[in-house]
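Chains as they are written, first to last, in our numbering: chain X, 1 to 164; chain Z, 1 to 153; chain E, 1 to 209.
Quick caveat, the hints were computed from the structure, so don't treat them as lab data.
For glycine and all other residues, C-beta sits at the position ideal for the given N, C-alpha and C.
Check before you lean on any hint, since a few could be wrong.
Covered stretches of chain X (in silico footprint by chain Z; criterion: 3 or more residues with CB under 8 Å from a CB of chain Z, positions within the stretch not fixed) [to be verified]:
| no. | region |
| --- | --- |
| 1 | 40 to 49 |
| 2 | 107 to 117 |
Quick look at which bits of chain X chain Z covers, simulated, 3 or more residues with Cβ under 8 Å [said to hold, decoys possible]:
| no. | region |
| --- | --- |
| 3 | 24 to 37 |
| 4 | 72 to 79 |
| 5 | 132 to 139 |
| 6 | 145 to 158 |
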Amino acid sequence: MLLSYARNKHASASDRPDGDLLVKAAVQETFFAAKVEMVVKIPDLEISSVEGVIERCFTGECRQTIPLLQQVVGLRIGSGIIKLVNNFVGGPHGCPRLADLVLECCEQVILRYTVEPLGEILSKKGNELKTAYQEFLTQNPRLINSCIAFAEGSPLREGIDAES
Amino acid sequence: MLGFSRTKWVGVERPDPETFFAHGILEDNIYGMELDVWVKTPEFVITRLEGKMRRVTTPVCEQALPVLKNARGLSINSPDLISTVNRKVGREGCRHLANLLLECCDAIMRCALYERWGELKKKGAAKDPGAYLKEQLKIFPGLQNHCRTLFNA
Amino acid sequence: MIIDLHVHTKALSPCSSLDPEEAIQEAKRIGLDGICFTEHGKLWDAQDLERLSNKWHFPLFCGVEVETRDGHLLIFGLDNIPPGIPAPADLRKAVDGAGGVMIAAHPFRGFLLFGFADLSMTLESACKRRVFQLVDALETHSGKSTKKENDLAQAVGQKTSLKSVGGSDAHTISELGRCVTVFAHPIKSQADLIAELKRGNFRADYFRR
């Protein structure tokens, strides 16, 4: 059976010599292709520049939304970023596909800095691994109930009471 | 130096005229997972989901696979789809699996949205893409005002 | 008087599972003297709040958490919340016009496995955030932030001479009262709350850990 539709999305974050991050996201699909590239200032996680291009789209009107990307310059990647990006780039006057690529870039930034602490935890085995997770859980209230691994009843939550 | 990279791929098939089937793959430096999603028309309701975790970070992560059932019965047309999937599959299961599920749902929606365009083109009856999209709002009313092209359509 | 200054309820914040009446009962149980509902972009109706306060004989106050380009701001004393995503400077003008108070909420909240402090943010660079020039105080004790994040906020508060408040940012019952603002004088009304926030007779603290 032939595919009726295919989508390929790729995003990455790379370290720049000046310590900032260069983040890219691109999507290729049957009727749409676009790229977003942005520089994120470290340690503030502030978007310092952004560029984008819609290479292929169903209606030419989509390309008129490219200038909206500049509204994300100055935003800090942190709580509320999804709403801000959807508001400035997506929405009825914008392009939700472009907003999605900006958000994919933001996710890469977060994951880029998640790799290191996670790598430290995952270098441990057995009970030590469990203890390492529990240490993070006691330090960060946001981890509790963030997913099934840190939900009530999970072995990683043993001895950690959300009520305390 | 590349610090992180993520690739998501989704392919959509039409095993029968009433069914859309999406196969999605997510691979990055941390996670590796796959998802199969079946959606029935005309309601565009998710009827079946099957997942596979290839690379995860905790011994508990795989328990998120049965949580996928929380998405059964949801319509990909629903305006609350993103928040519901993020809550019922993401927070209660795995947020990366929820992310892949939303990617699959969006791919199915786009496939359905553009499907007739290909047929019209073959027949030489395809004219204005903007007018075509506005016509598709009958199938996807939730897309009204979704973007610049569909604003006040 | 110990008040949790940052609480979301399911009555007006869809992301919260906290029932307002359950929140009041829990607040009484754990020894809070009052709570302040600060929903996302929405204000409680003053009469509804008074009715609830009278029913439970418990002091209730109200503010609002507003999304801006420079992060979340807690606003007290503003009756009309500007729609959309207001610029902090515009919000400041509106708050001044209404005689209200504007506070930077959880200024250094990070992510699941890392925070701004882990990215080697210095105190000097942390103090440079534009929004700190516009607010009356910082939420230096947030129930949803890590100790490291709260410590950085406290250090910024000291260096910039901004006053510190505490609030749980509770969305569930178990989160209520994790951080509080301790007022030196009794707060009997919404006007008292704003007056005391302006006077600065309070401190932030951890409460339920």
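Taking the hints in turn, this is what the structure says about them:
1. 40 to 49: Contact hint for the region 40 to 49 of chain X vs chain Z: violated, 0 residues under 8 Å.
2. 107 to 117: holds (count 6)
3. 24 to 37: holds (count 4)
4. 72 to 79: This one is violated; 0 residues, fewer than the three required, reach chain Z with a Cβ under 8 Å.
5. 132 to 139: This one is violated; 1 residues, fewer than the three required, reach chain Z with a Cβ under 8 Å.
6. 145 to 158: holds (count 9)
In this structure, the hints that do not hold are numbers 1, 4 and 5, in rising order.
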